[in-house]
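Engineer: Protein chains in written order, with my numbering: chain A, 1 to 266; chain B, 1 to 358; chain C, 1 to 358; chain D, 1 to 300; chain E, 1 to 368.
What the hints contain is simulated information worked out from the structure, not anything from laboratory work. Misleading hints may appear alongside valid ones.
Straight-line alpha carbon distances no greater than 25 Å define the calculated BS3-like cross-link-like pairs of lysine-lysine that follow [stated by the list, open to error]: (1) 171/B with 181/C; (2) 181/B with 171/C; (3) 157/C with 211/D; (4) 211/D with 134/C; (5) 171/C with 181/C; (6) 171/B with 171/C; (7) 181/B with 171/B.
It should be emphasised that the depicted structure is a prediction, and the values quoted were computed from it without experimental measurement.
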Amino acid sequence: MRLSRPARVTLGVITAIILGVVYVPLLVVLVNSFSTSTALTWPPPGFTLEWWGKAFQSAGALDAVLTSVQVAVISTAIALVLGTLISFALQRFDFFGREAISLLVILPIALPGIITGIALNNFFRTIMGVPLSIWTVVIAHATFCIVTVFNNVIARLRRQGTNLEEASADLGAGVWTTFRLVTFPQLRSALLAGGLLAFALSFDEIIVTTFTAGSGVTTLPIFILNNMFRPNQAPIVSVIAVVLVLVSIIPIYIAQRLSGPADQKR
Amino acid sequence: MTDSQPAIRLTGLTKEFGAVTAVDHVDLEIAAGEFFSMLGPSGSGKTTVLRLIAGFEQPTAGTIELFGEDVTRRAPFDRDVNTVFQDYALFPHMSVLENVAYGLRVRGIGRRERTQRARAALASVRLEQMGDRKPSQLSGGQRQRVALARATVVQPKVLLLDEPLGALDLKLREQMQVELKQIQRDLGITFIFVTHDQEEALTLSDRIAVFNDGRIQQLGTPADLYEQPGSRFVAGFVGTSNLFDDARSQALLGRGGEHSVRPEKLAVSAEREVGDGVASAPGTVVEVIYLGSGIRIVVDLDAGLRVTALAQNDRRRLRAGDRGDRVFVSWHEADVVALAPAPPAVAGEEADAAASVA
Amino acid sequence: MTDSQPAIRLTGLTKEFGAVTAVDHVDLEIAAGEFFSMLGPSGSGKTTVLRLIAGFEQPTAGTIELFGEDVTRRAPFDRDVNTVFQDYALFPHMSVLENVAYGLRVRGIGRRERTQRARAALASVRLEQMGDRKPSQLSGGQRQRVALARATVVQPKVLLLDEPLGALDLKLREQMQVELKQIQRDLGITFIFVTHDQEEALTLSDRIAVFNDGRIQQLGTPADLYEQPGSRFVAGFVGTSNLFDDARSQALLGRGGEHSVRPEKLAVSAEREVGDGVASAPGTVVEVIYLGSGIRIVVDLDAGLRVTALAQNDRRRLRAGDRGDRVFVSWHEADVVALAPAPPAVAGEEADAAASVA
Amino acid sequence: MSQALVESRPRRTAMRAGSAFLTTHPRTRLALLLAAPLFWLVVVYIVALALLLVTAFWSVDSFTGVITTEFTLDNIIEVVTGSLYQTVTLRTLGVALAVTLIDVVLALPIAFYMAKVASPRMQRVLVILVLTPLWASYLVKAYAWRSVLSQDGILEWLLAPFGGHTPGYGLPATIITLSYLWLPYVILPIYAGLERVPDSLLEASGDLGGKTWPTLRLVVFPLILPAIIAGTIFSFALSLGDYITVNIVGGTNQMLGNLVYTNVGAANNLPLASAIALIPIVIIFGYLFLVRRTGALDNL
Amino acid sequence: GTSSGSGASGASDEPMAELGEMEGQVSLLAWPGYVEDGTNDPSVDWVTPFVEETGCKVTTKTFGTSDEALNLMKTGDYDVVSASGDASLRLVAAGDVAPVNTDLIPNYEGIYPFLKDQAWNSVDGVPYGVPHGYGANLLMYNTDEFPTAPTSWDVVFDKASEHAGKVTAYDSPIYIADAAVYLMAHEPDLGIENPYSLDEEQLAAAVDLLKTQRESIGEYWSDYLKEVQAFTTGDTVVGTSWQVIQNVLEGEAAKTAVVLPEEGTTGWSDTWMISSKAKNPNCAYAWLDYIASPEANAAATSYFGEAPSSDAACEYREDCEAYHAGDEDYASQIWYWSTPIEECLDGRTDVTCTDYAAWTSAWQEIKG
Ligand SMILES: Nc1ncnc2c1ncn2[C@@H]1O[C@H](COP(=O)(O)OP(=O)(O)OP(=O)(O)O)[C@@H](O)[C@H]1O
Ligand SMILES: Nc1ncnc2c1ncn2[C@@H]1O[C@H](COP(=O)(O)OP(=O)(O)OP(=O)(O)O)[C@@H](O)[C@H]1O
Ligand SMILES: [Mg+2]
Ligand SMILES: [Mg+2]
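Put together the whole structure using the sequences plus the hints.
Structural biologist: Next comes the structure, spelled out in structure tokens:
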């Protein structure tokens with residue numbers, strides 16, 4: 001639509017203002033990471049690089065990041081497999097209970113985290129009798145990450161149709177070969193977008209994690225939460241947040257490039 | 001036309017989608033090396049027949065034989081037929097060469113050999129320079145030729161083409177028609193060609209099956225269909241026709257039943273034409289439409305029928321008359337085709353019926 | 001053809017998209033009530049001109065006048081033109097009736113009146129029964145008619161149609177052509193019609209502008225364009241032509257320069273035809289193609305040129321010869337059109353130049 | 001056809017036989033596709049959820065914290081009749097609705113600008129700008145807002161010259177912070193929804209005389225409604241269960257999440273917590289049921 | 001105290017008789033800051049020496065509230081827990097922790113006597129753990145708002161409305177005891193003898209007081225950061241706090257001070273306890289001994305910000321004074337957190353007291 005110039009400018013200004021406001025708290029975090037105040041008070045009483053130095057030496061922070069990455073990678077991988085399978089089933093087949101299944105996929109994200117958390121906690125500990133560990137976190141995270149992959153993949157499948165796969169079969173490729181050479185490459189950017197979101201979701205999850213993490217499993221959000229209860233650590237958390245934001249731009253950018261402008265972003 | 005061993009034999013082929021019967025008891029034999037077209041309006045089941053032959057759909061009933069072998073239950077990748085899809089279905093993530101080599105690759109043919117053969121196939125459609133491009137960097141006509149090369153490089157016994165020219169614009173389509181026919185002759189492969197463009201079907205085909213409502217309405221050579229349409233439907237669908245219903249036939253032709261006359265068989269002139277077997281009727285010109293290569297003249301006959309005549313735009317017909325002119329429309333008795341009663345029509349029988357009347 | 005106050009006047013209209021000049025200094029006047037077509041190959045700028053007129057794009061240079069009023073800077077909703085989009089652009093969430101009533105609704109016309117007027121518009125396209133359906137429940141031809149009703153119900157002075165029939169299949173297209181022409185006559189609205197189908201343009205239009213590379217190559221009535229193409233491009237794009245280059249023209253026609261002869265102007269016969277102004281050349285039949293209403297005969301002239309002749313499928317031409325037959329191809333001197341040198345062509349001038357030669 | 005290269009069919013291996021079997025047996029294919037994910041979702045999630053709900057009908061020995069598995073309606077009755085739960089439910093619902101409304105109002109212009117006005121390059125930049133805040137940890141952002149909203153914070157500093165004041169810690173602060181946290185989750189589906197609206201529809205509306213506002217109201221809005229609802233599922237559900245943000249900036253207020261958390265984490269009363277958890281479950285199911293018709297669930 | 005200990009399982013009722021081989025690992029459940037191995041701050045590390053000394057690898061899980069600890073101990077995944085008084089008795093009652101044989105813990109000797117054999121760490125004279133550190137919940141105030149130091153809790157109760165919206169309180173049901181301490185002094189008619197032993201009527205009085213207080217509360221707090229921020233910015237000017245928070249605020253140059261009001265106060269004395277299902281009992285005993293050793297105890301309590309458990313530890317700390325370590329007088333003004341149970345802790349037998357569950361729901365009511 002060719003909006004009138006004033007309309008375009010107004011929209012642009014509104015967008016700029018909202019995004020500006022979105023970045024104010026992040027700016028506060030950035031400033032805090034250089035603040036001499038351990039309590040994140042505003043305005044910062046002085047500037048120091050101490051926290052940046054400490055953050056990079058903090059084995060605990062590094063461990064927590066690694067744990068989070070590990071959890072996020074594994075649960076994203078599981079979500080990718082399960083989400084893709086469901087998308088194929090729901091998009092390519094018409095069967096009784098289809099709607100129920102699509103609701104089922106959405107449920108773990110639609111129900112509040114604390115409910116998922118206590119349900120799984122109760123399930124693992126009292127029902128199954130398995131001790132909480134990193135794997136229980138992974139299982140929990142994978143469960144609510146399925147939906148992001150599912151949504152991306154099913155949208156792609158819906159748009160793409162079965163033509164290319166038929167062409168491949170027609171040219172003599174079996175089911176597996178077709179998947180490897182044709183279907184998968186076509187889904188790649190959708191999987192990437194879905195996987196990225198799943199990763200982000202898992203990486204920053206705290207509520208479900210609180211209830212499903214075993215002893216010694218400290219994901220980054222848990223580490224941060226603990227640090228809120230620990231004196232003199234808060235600015236390190238700011239440093240970590242700043243680093244994460246900066247680092248995150250790379251995968252988002254790559255995903256953007258790969259999926260193209262007209263593509264599904266979710 | 002049928003051989004002792006037809007390339008394709010469909011027997012009682014039926015496909016139902018829920019309540020819709022897309023293909024309804026189709027029996028058909030297509031000879032090896034034939035250029036066979038399926039023509040029909042949208043939704044008449046042409047694509048479905050093609051997909052059944054290719055194996056993308058499972059028939060509800062009936063069998064499909066390929067050179068005498070029953071392949072009804074075979075997976076698509078186990079059938080010696082290949083398809084050129086309407087939207088080409090080129091793999092967007094592969095280069096043109098990789099696309100063409102795909103069928104060889106999945107057959108486990110080594111990189112060297114398959115590249116060589118894919119190059120040869122590309123050369124046969126005059127795209128040897130384009131091997132490294134992505135399909136998105138090609139024009140419509142070029143894509144069409146890549147699809148053709150990809151389907152033919154594995155040397156199928158039968159090539160299925162589903163409106164392969166439908167997405168091209170007119171000029172390009174005409175050009176590709178010529179190329180298609182050329183390739184079919186060169187390779188000697190059986191082509192089964194789906195189109196809803198009757199001119200395309202007439203120009204290219206050895207034989208044509210006209211589909212309607214999932215059934216074959218008439219089957220025959222282009223001239224059979226055009227000159228001797230077996231039903232009102234075929235007369236209307238293949239080319240245009242002037243239809244005379246029972247009453248008008250009585251009045252103008254002097255015999256009962258339904259009849260059809262092609263526009264180009266009607267001559268429009270200021271004076272009544274006479275001659276052996278020539279009949280004529282007076283009328284008034286309603287519209288004169290300039291077509292470039294010809295002129296279409298619409299005349300309201302005094303007998304109460306609107307007919308269309310087609311005159312070639314050459315020296316002989318420089319004056320075709322103007323709106324409102326009084327004219328005589330004349331035709332040769334032999335050009336009047338008697339139509340069998342309209343539906344219910346049974347595939348196959350009709351053509352014979354029509355022929356016997358003409 | 002132009003009036004004292006043209007419906008549309010484009011002056012020096014130019015549109016650049018980055019490095020691409022989509023429309024290049026187009027000057028054009030379209031008279032009120034005219035059925036005007038823009039014909040040209042893909043990418044020649046037809047759609048862009050239409051979008052400039054509708055106001056969806058802002059020109060890089062030049063002005064657009066509507067009945068003498070400069071509307072170049074006006075928003076689309078402030079222009080008295082309406083568009084029928086190629087994909088119809090029907091609002092999927094509204095019923096057919098709501099779609100048609102939309103233009104009235106945003107003009108603040110009350111529910112009673114707009115429903116009434118929308119119903120009338122639907123009736124004019126023979127869809128009075130379909131008002132409650134959603135667009136997705138209609139066939140292609142029906143959607144096309146809804147789009148038409150929606151655009152005409154607000155009584156625009158000019159209607160823009162961007163390949164409105166492109167998505168329809170052949171039979172339906174032919175039918176809709178007739179209806180379009182009918183509606184245009186009934187409403188008396190100026191139609192600006194974009195197509196790449198030359199037959200469609202010839203059949204429907206009062207005047208045609210042939211576009212190439214963002215410029216008007218030739219402007220004139222269908223007969224002007226067809227009988228007197230001003231350039232090789234137009235001769236090739238509007239209908240098919242046999243082109244004689246300088247050397248062949250010397251040999252066969254006895255004069256220099258480039259010439260074109262339409263296939264239907266060529267006669268093929270076993271004996272040499274004689275007559276006033278009739279020339280002929282011997283050759284061999286290469287191909288005979290059955291077209292239904294006609295027969296296309298491809299002949300290799302002994303003079304080293306392949307020509308195509310078109311013969312109508314009527315009593316007079318029952319025998320057209322077979323492949324390999326020796327024949328004579330003859331034509332009338334007056335049917336040979338001298339072509340201006342090919343590009344660079346300047347819009348408008350060419351038609352005159354061509355006319356003066358012929 | 002002259003060459004001797006006539007292609008034999010690819011070799012028949014077990015894999016190809018399997019392939020062929022799958023191709024001709026769609027139901028088997030479906031079963032194979034669904035087996036793993038359904039097993040996972042049902043066994044891990046649905047069973048866990050069902051067991052939790054069953055727990056709501058049990059009770060707990062308050063001193064030892066041992067669950068007594070005897071059927072009782074006490075918890076349910078308490079939750080349904082207790083004024084505390086009604087108050088907190090209403091407060092939570094109010095917060096969730098306010099957050100959702102604010103997010104939609106904020107997301108619409110941004111999403112529209114991104115999808116329909118910005119150049120492709122700008123579009124890419126904007127998507128990155130919208131996504132980036134997701135990676136700064138939730139807790140860090142919540143504490144940043146605590147800092148911004150403080151008496152001494154940036155907001156006060158910005159507003160004071162205009163006679164405005166920071167709302168301080170409380171429900172408004174909670175709503176602001178939650179809106180902030182979930183905004184990207186609302187923008188993205190709406191943006192995707194807008195991208196799917198063909199430009200030609202907007203042009204058609206303008207062409208027919210629809211000015212900007214009627215076009216937005218009559219054409220754009222109805223078309224992206226499912227996408228908007230998809231976005232609201234995120235903001236609504238996430239707000240409904242939150243207990244951390246309200247703790248950080250909510251002043252003295254508590255929400256349903258806090259009650260659940262206190263009962264399970266502090267009071268060790270899982271049965272009561274389960275009973276309270278029923279409230280958001282019922283609300284969410286109600287919401288999903290309401291929006292199911294709109295096709296929103298396909299737009300998440 | 002006299003506790004029923006009804007839930008204790010027979011097997012682990014007996015303390016360990018003698019030590020055996022170290023298992024090579026131990027799993028600890030602790031307050032944040034109690035077990036630091038240098039991963040958060042390389043200069044804060046008292047775990048590494050332990051590991052080197054005993055060969056027991058340490059894994060740690062931290063908890064935010066006593067109740068969380070209680071829950072986590074039920075899993076049996078942890079060998080040792082640092083329990084505050086509001087959790088310890090419940091742990092004993094649930095049979096989740098075992099009695100300890102103090103003979104096996106040489107460093108038990110040096111611990112302040114007033115920390116030993118208390119209601120929150122022993123049952124019928126049988127010790128269930130080793131005291132770790134203790135502290136008082138102090139009254140913190142903004143020195144600008146209160147030029148003269150308040151001497152009574154009334155600034156957060158009866159006079160709270162003077163600073164409406166800027167008062168804070170600890171966010172836990174156990175805070176009801178603070179109100180009870182205040183009522184003990186100001187409403188003697190209620191007859192409260194022990195703030196953790198309230199009958200229905202007494203609880204109701206405390207709840208009323210707290211409900212009134214709530215109207216003036218700006219926010220409740222449960223983590224350092226929130227409290228420090230609030231006092232630095234001035235969002236909060238008065239409320240309960242901990243000594244360590246005051247120390248941090250001094251570092252921030254905030255205008256705050258703490259005082260122990262005349263009514264006395266509540267506080268905590270934490271106890272290291274061993275799980276009745278401990279998989280690594282020998283390493284667990286080693287940890288209990290190690291963390292009671294002066295150097296380790298000093299490091300841990302100093303980092304957390306509380307008084308150590310022995311005089312010897314003070315030799316490794318300079319700030320013992322600030323925490324009134326070993327000051328028995330000071331310590332006697334503190335009502336250490338213990339779990340309220342039905343059987344009144346103050347010895348009354350004619351009424352049943354309100355238990356922790358009642359306190360929890362009362363606390364939720366108060367917050368509303
Ligand atoms: N997968 C399907 N599910 C349900 N109905 C189908 C399916 N495929 C085709 N049909 C129906 O079967 C009938 C025949 O369709 P088919 O595509 O074969 O027609 P067609 O002759 O190829 O038409 P077109 O010229 O439009 O391509 C139609 O009524 C169509 O709606
Ligand atoms: N929005 C745009 N941005 C950049 N280039 C454009 C844009 N719109 C059109 N063009 C370019 O302008 C030229 C003319 O395009 P236009 O769509 O007007 O052609 P057309 O004659 O309508 O072609 P077709 O028959 O394919 O519809 C083309 O080269 C096209 O690539
Ligand atoms: Mg089809
Ligand atoms: Mg166009």
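Engineer: Decide, hint by hint, whether the structure agrees.
Structural biologist: These are the hints, each one checked on the structure:
With a CA separation close to 24 Å, the supplied pair residue 171/B and residue 181/C stays within the 25 Å bound. As the CA atoms of residue 181/B and residue 171/C are separated by approximately 24 Å, the hinted pair is consistent with the 25 Å bound. Taking the CA atoms of residue 157/C and residue 211/D, the gap is about 19 Å. The hint holds against a cut of 25 Å. Of the pairs offered as hints, the one joining residue 211/D and residue 134/C holds, with about 24 Å between alpha carbons and a cut-off of 25 Å not exceeded.
Among the hinted pairs, residue 171/C with residue 181/C is consistent with the structure: their alpha-carbon atoms are about 16 Å apart, no more than 25 Å. With a CA separation close to 19 Å, the supplied pair residue 171/B and residue 171/C stays within the 25 Å bound. Of the supplied pair hints, the one linking residue 181/B and residue 171/B holds, its CA atoms being roughly 16 Å apart against a limit of 25 Å.
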